[in-house]
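Student: The residues making up each chain are set out below.
2 protein chains.
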Amino acid sequence: MSNLLTPKNRFMFSNRITHLFKIDFPIIQAGMIWASGWRLVSAVSNAGGLGIIGAGSMYPDVLREHIQKCKAATNKPFGVNLPLLYPDIDKHVQILIEEGVKIVFTSAGNPKTWTGILKEKGIAVVHVVSSSKFAIKAEAAGCDAVVAEGFEAGGHNGREETTTLVLIPAVANAVKIPVIAAGGIATGKQMLAAMVLGAEGVQMGSRFVASDEASSHLNFKNAVKCSGGRYTAFFKTTNSGSPFEE
Amino acid sequence: MSNLLTPKNRFMFSNRITHLFKIDFPIIQAGMIWASGWRLVSAVSNAGGLGIIGAGSMYPDVLREHIQKCKAATNKPFGVNLPLLYPDIDKHVQILIEEGVKIVFTSAGNPKTWTGILKEKGIAVVHVVSSSKFAIKAEAAGCDAVVAEGFEAGGHNGREETTTLVLIPAVANAVKIPVIAAGGIATGKQMLAAMVLGAEGVQMGSRFVASDEASSHLNFKNAVKCSGGRYTAFFKTTNSGSPFEE
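Just so you know, the sequences run in chain order A and B. Sequential numbering of the first sequence, starting at 5, is according to my numbering. Sequential numbering of the second sequence, starting at 5, is according to my numbering.
Treat the hints with care, since some could be wrong.
Which copy? The list can't say, so a pair holds if one copy fits it or any two copies do.
Claimed, not checked - Mimicking DSS-like on lysine-lysine, the simulated pairs with C-alpha atoms at most 25 angstroms apart in a straight line are:
#, residue 1, residue 2
1, Lys137, Lys193
2, Lys123, Lys137
3, Lys225, Lys137
4, Lys95, Lys73
5, Lys229, Lys193
6, Lys229, Lys137
7, Lys137, Lys80
8, Lys180, Lys116
9, Lys125, Lys229
10, Lys95, Lys116
11, Lys193, Lys123
12, Lys116, Lys141
13, Lys229, Lys26
14, Lys106, Lys193
15, Lys193, Lys95
16, Lys125, Lys80
These aren't lab readings, by the way, just hints derived from the structure by calculation. Bear in mind the structure is a predicted one, so any value in this text is a computation, not a measurement.
Using the sequences plus the hints, can you model the full thing?
Tutor: Following this line, the structure appears as structure tokens:
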């Protein structure tokens, strides 16, 4: 990817999101449980995007291991996604601070609870929202940016099912902090469309989940690669064991 | 709107959709049952877009009346939306042909059945689809264009719930005929995003349904104007009487 970084291209992609994270491209790899460990995260960050460790599927000691391995594998910025509803949240936050993580994406919870504590440690905090109302709350809580996650996105989604095409302009109008678009984005055209709608960056999951560096199972990667538009599914899972055999 | 039509702007909007319909802007007002009669349709067409009579809520004699009144109210092209599943479909088609309608949007049925018959009469036929698979069938049936209608759109939607952001590039890749995007589009930014994704025109409903010329009930117009992102609803209705008191 580095040959894309002519001075002109670097300027073209320069905005509040690239400045906030100190990255070359406003492309963020979504934190995905069971899929985004240190290998994927460091690969994305080394390529000029922002890799994000998905802490949602990691016990505290596993999270610490992935952060340490990621720091060894890249000198570039990377982040950790922290679902706030998880029982180990206190331990997770302690580890993030101890390990000097600089960027945290929080989701599935109230941004008021942790944003101030993280910001005091100099950590950039981005909260994932599914509506303008929650975006305004995240901004009021002191977040540096929001991920506006449309109905198309995976993970813990909003109940209102507002799609990316409708959500992004609404959120961009509602807050002054920069907006990262998520949901239904996998190509350059979709990225440009998101930015036309008011986003300054994109967060993508499925685009990365089938890559060599992702820790998803090979059968899952193949299923993603072979699927068409009609194969989106909603899952209820019970977690057992860890796929992070690294 | 006519003051927007400098030679430069006219060139900017010129594409296969403006050529197909002989219109100034690739903006199409969706045929909406109970809402898009001759007043709205002629107003949109007179402004340089394409107005479409929603035949779905009209008995054959009512449809004929609206076509005749529309022809009296505008010299510009307009169309009729024809849901193919309606019982009066034969009579509707006969009226379209007798009244010299030049543009027909078909939906909710197999495009094979009627496209050939309409095309023989010199009528441009556009079919509404919700997937690449149906777009390919519409192209094979001889349609001049397709409306790719995302999950966000009203009316008889696809079961796969593919959103506009995902559907438009998929359909634009699957067929050679031009694609009109529908669903979740109400602003210039959303129109530009749709065109970035590969559409050559947009079809909008809610954008027009609260206008003075729409025959929707005033309470409905006010509800649309005051609603936020979370007020989309799915309706099951039983029709009684006609709102077309014109």
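Student: Now, for every hint given, state plainly whether the structure supports it.
Tutor: Results for each hint:
no. : hint            : in the structure
1   : Lys137 - Lys193 : between (28 angstroms within a copy, 21 angstroms between copies)
2   : Lys123 - Lys137 : within (22 angstroms within a copy, 49 angstroms between copies)
3   : Lys225 - Lys137 : between (35 angstroms within a copy, 24 angstroms between copies)
4   : Lys95 - Lys73   : within (19 angstroms within a copy, 71 angstroms between copies)
5   : Lys229 - Lys193 : within (19 angstroms within a copy, 31 angstroms between copies)
6   : Lys229 - Lys137 : between (35 angstroms within a copy, 18 angstroms between copies)
7   : Lys137 - Lys80  : neither (33 angstroms within a copy, 43 angstroms between copies)
8   : Lys180 - Lys116 : within (18 angstroms within a copy, 51 angstroms between copies)
9   : Lys125 - Lys229 : neither (40 angstroms within a copy, 44 angstroms between copies)
10  : Lys95 - Lys116  : within (18 angstroms within a copy, 62 angstroms between copies)
11  : Lys193 - Lys123 : neither (34 angstroms within a copy, 34 angstroms between copies)
12  : Lys116 - Lys141 : within (8 angstroms within a copy, 52 angstroms between copies)
13  : Lys229 - Lys26  : neither (31 angstroms within a copy, 41 angstroms between copies)
14  : Lys106 - Lys193 : neither (30 angstroms within a copy, 34 angstroms between copies)
15  : Lys193 - Lys95  : neither (40 angstroms within a copy, 43 angstroms between copies)
16  : Lys125 - Lys80  : within (19 angstroms within a copy, 64 angstroms between copies)
When the structure is compared with the earlier hints, violations turn up for hints 7, 9, 11, 13, 14 and 15 and for no others.
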